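Chains U and R supply the protein sequences, listed in that same order.
Residue numbers are given in the working numbering: position 240 of the first sequence equals residue 243, and the series is strictly consecutive.
Residue numbers are given in the working numbering: position 193 of the second sequence equals residue 734, and the series is strictly consecutive.
Derived by calculation from the structure, the hints in this document are not laboratory data.
Being a predicted model, the structure only gives us computed values, none of them experimental.
Wrong hints could be hidden among the right ones.
Claimed, not checked - Simulated crosslink set (DSSO-like; lysine-lysine; CA at most 27 Å straight-line):
1. R:K762 - R:K1052
2. R:K865 - R:K941
3. R:K866 - R:K941
4. U:K188 - R:K866
5. U:K188 - U:K220
6. U:K220 - R:K1052
7. U:K172 - U:K220
8. R:K1007 - R:K762
9. R:K941 - R:K696
10. U:K220 - R:K866
11. U:K188 - R:K865
12. R:K696 - R:K754
Below, each chain spelled out in residue letters.
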Amino acid sequence: MERAWVAGEPVQLDAAIAEAAKLVAASRQPLIAGLGADVAGVRAAISLAQRSGGVIDHMHAESLLRNLDVARSSGVMLTTPTEAEVHADTLLVAGPVRQTTLFQQLVSGSSRRTTGAKVRRIFWLCPESGTATAVAGRDSVNVVGRALRDLPAVLAALRACIVGRPIAKTAISVRTLEQLSRDLKASRFGVAIWTVAHVDALAIEMLCGLVDDLNAKTRFSTLPLPPADNALGALHACGWMTGLPMRTGFGRGHAHHDPWLFDSRRLIGGGETDCVIWISAYHAEAPPWREAPPTIALTADGAAFRVPPRVHIAVGVPAIDHPAIHYLPSTGTLSAVAASQPSTRISVADAISRIAASLPDDGARRC
Amino acid sequence: MLTLLAGGRVIDPVNGRDEAGDVWMRDGRIVDAPRETRPDATYDATGKIVMAGAIDIHSHIAGWNVNTARLLLPEYHRAAMARPATTPLSYAGWSTFETGGRYATMGFTTVVEPAVSPHYALHAHLELADTPIIDKATLAMLGNDDYLLSLLRAKESESAIEDYVAWVLEMSRSIGIKVVNPGGAAAFKENVRAFSLDDVVPHYGISSRQIVKALQRAVNKLGVPHPLHVHCNNLGLAGNVETALETIEAAEGLPLHLAHLQFYSYGSDGERGFSSAAARLAEAVNAAAAAVTVDVGQVMFGPTVTSSADVLRQFNARHRARPKKWLILDGDANGAGIVPYEYRRSDFYNAVQWAVGLELFLLIDDPERVFFTTDHPNGAPFTSYPEIFALLMSRDLRAKWIADLPSAAMAVTTLPSIRREYTLPEIAVMTRAAPARLFGLTDRGHLGAGAVADVAVYEDDADRAKMFRAAALVFKDGELVVRDGGVLRHTWGRALTVAPQRDRAVDRRMKDYYEERYGLADDLFKVPADALGRPEPFEVVPCRP
């Protein structure tokens, strides 16, 4: 069953597509935001942004770009979830971490390393909640510090300690840090883990620097836990299609990336867009703003809108309603996944392609 | 649709043609001149050079590594945009769409992406499916993967290795196998920092040489047309010519391809302990069996990014990044390292590297065995090819460049003394005929009847760089896609793959292995046929019987 609405009234899908195309055609700078879609949906969205001189953003761009900014301004060691699972004998967790399946597996499982220690040692810096051991489901988690606000100072002191510089007392005693430093150096292959959404840029940079320093003598890498909603898949699709991450505009006739200029909230707040296409196929997330220009919402069932969209199309959930290619936290890459409960619900890619096909032909090249 | 390309100088070494003449195309293929039939379209090529579409055998254009480099270097893209076309940074060619278009405008119609981690194969193919006009193919990387190393440690049968290689080729939809610093990435995970041909991967107890030999044998036995593609140990280090010489010797006369040999042609002579050993290596290549082939990996000056699955080498080079940023991935098998770099004319080492590449081109006698690459983007971006063709074809041009470079650097190379100039037919062999043969593409790289109608037409300009930068006409599958260096339309090419036979029992073994090692279904890493959303995304190249 297809479900679509215009101005809150149920309509046939065709009518919703036609209304959406009318809004996009009349727009001078459409904003495509949310972008919670599989790779096919993201590709269609980028093509539409390109064609309509619009802007492309993602609901988790803030934390994605924070992590990426560290990589594009310094150095980063990185590993895959599969490699961490197979190889890590030590985990250094920083800040609060969402209890994802991947994280649970990493902290609860024993190392599959074929050499060295079988039991993975876990050190958890500033978990905030005070329930780190409960989250990890293990008594053997070494919790160092509590409050997230202490994390940057603790990391700085730890890094100094690792390279043998004198340190003063932080939230943690010098002795504890010295012991932690010794433990980390004694690891064979350690992995630092943090949730991208919870840790600020300076802490990420300090973590990456600390890991680089540890590599002077042993092996250490990092595994930032990415946001949901195919955020990394969207980042990569933006990368190959435009050469740039999201928060990219096409109004100048070529891709122009500017994380400040093309931030959805800023564009909405400043009245710099006259049409929003909001996409949330995974979690029926509604746009976060309270006022907005005419909006075309492509979401999974059940979105609770603060501002009623002009057009709303209930789309299928990738890998549930239709097969999908998207980033999987377990594989750490783009994977093709079959539909678990196939339905006829329209995909984001099809909805956007139909909107695009209903636009007046501007003679532009199609991707 | 019958198309006539009339009166050009047709340079087609495979069919022994170098003459003014016609080329006919019908329904995407080259055909013999038909009798009493009028063409539907005629293009006058009088005074122009007509060759088959060029084939690039080693260019990193798609996949996780390349894309992460894009994301790491937004300034390359941005800076390029604001500049006129001839300034150094204008090469970015950075999105997949630009990549396909820019290759096509130079007359290239097939490109091999040589470093795909099997676990990232779907990602690579998604990017290739978004790379217009050109056909493409991928090499799957093995040799640092636990499964192969475990087979070797357990002294499993040769057929077990062949089955596994065949399984990987199919799941990743690749055309061949590459091995990158064999065992080096696996050893690096065990904190090894230097790794040579006879060093042993800790825990597995297998040497780099054993890995090369096992894969070379398996690829050959399976009848995969492209020989094992080897990125040797010790890339970039002074004195590493010994590694390259040992690897050539290890080929034992069987087919083996050595990638970007320029990066292995260094001696340790001179005041700075860094010199060209290209002459020695070229001599070894000339003396080796014809089945041993090499590509160059020419360096050109300017900013670029080194992107390599040689994680150990990239790790060791990370603090020499220009600009100072880098990313090193400890991957499931090979991993990757992305280190931006700027080759500078004023830099002694960079100038030696530039000369070494040209020495290899000019001192290896047979243009069928030395392939034209910059290891894009590692030595230089592929958009610098036209300048390299010009350098190969003119000793006067080389002399001008040499005069501008540090004399101390030129003094440790033989380049200033080399007089050879490539001819157009030799360029056609090196970039068309030989690459097609190296990959078993019998219907490419030439203009005989039955060949794919991929044709490049160039102005016969004395300025060879200008000539090769902007083809006058390019036909892809018989369709005109480029005119006067501009893209007319975006077609969607195919990815070329091989599908050697295997004992299907390996499928069950792999399923169990993935379940046990990762707790994951092996299907999650495969490239399904229908995943790419293009009508005919793949074309299977036959294996030798």
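Take the C-alpha atoms of R:K762 and R:K1052, compute the straight-line distance between them, and say whether it is at most 27 Å. With a Cα-Cα distance of about 24 Å, the restraint between R:K762 and R:K1052 holds, given a limit of 27 Å.
Are the Cα atoms of R:K1007 and R:K762 separated by 27 Å or less? 44 Å, violated
Keeping to a limit of 27 Å between CA atoms, is the pair of U:K172 and U:K220 held or broken? 26 Å, holds
Is the Cα-Cα distance between U:K188 and R:K866 27 Å or less? 24 Å, holds
For the pair supplied as a hint, U:K220 and R:K866, is the alpha-carbon distance within the 27 Å limit? 21 Å, holds
Is it true that the CA of R:K941 sits at most 27 Å from the CA of R:K696? Violated, because 56 Å separates the two Cα atoms, which is more than 27 Å.
Please work out if U:K188 and R:K865 have their alpha carbons no farther apart than 27 Å. Measuring from Cα to Cα gives roughly 25 Å; hence the hint holds.
Assess, step by step, whether the Cα of R:K865 is no farther than 27 Å from the Cα of R:K941, and give holds or violated. 32 Å, violated
Are U:K188 and U:K220 close enough, with their CA atoms no more than 27 Å apart? Distance ~7 Å between U:K188 and U:K220 Cα, so the pair holds.
Could you grab the alpha-carbon distance between R:K696 and R:K754 and see if it respects the 27 Å cut-off? With Cα atoms ~14 Å apart, R:K696 and R:K754 stay inside 27 Å; holds.
Holds or violated: R:K866 and R:K941, Cα atoms, limit 27 Å. Answer violated: R:K866 to R:K941 is near 34 Å, above 27 Å.
Can you confirm whether the C-alpha distance between U:K220 and R:K1052 stays at or below 27 Å? Since the Cα atoms of U:K220 and R:K1052 sit roughly 37 Å apart, the hinted pair is violated (cutoff 27 Å).
This entry does not satisfy hints 2, 3, 6, 8, 9, going by the numbered hints stated previously.
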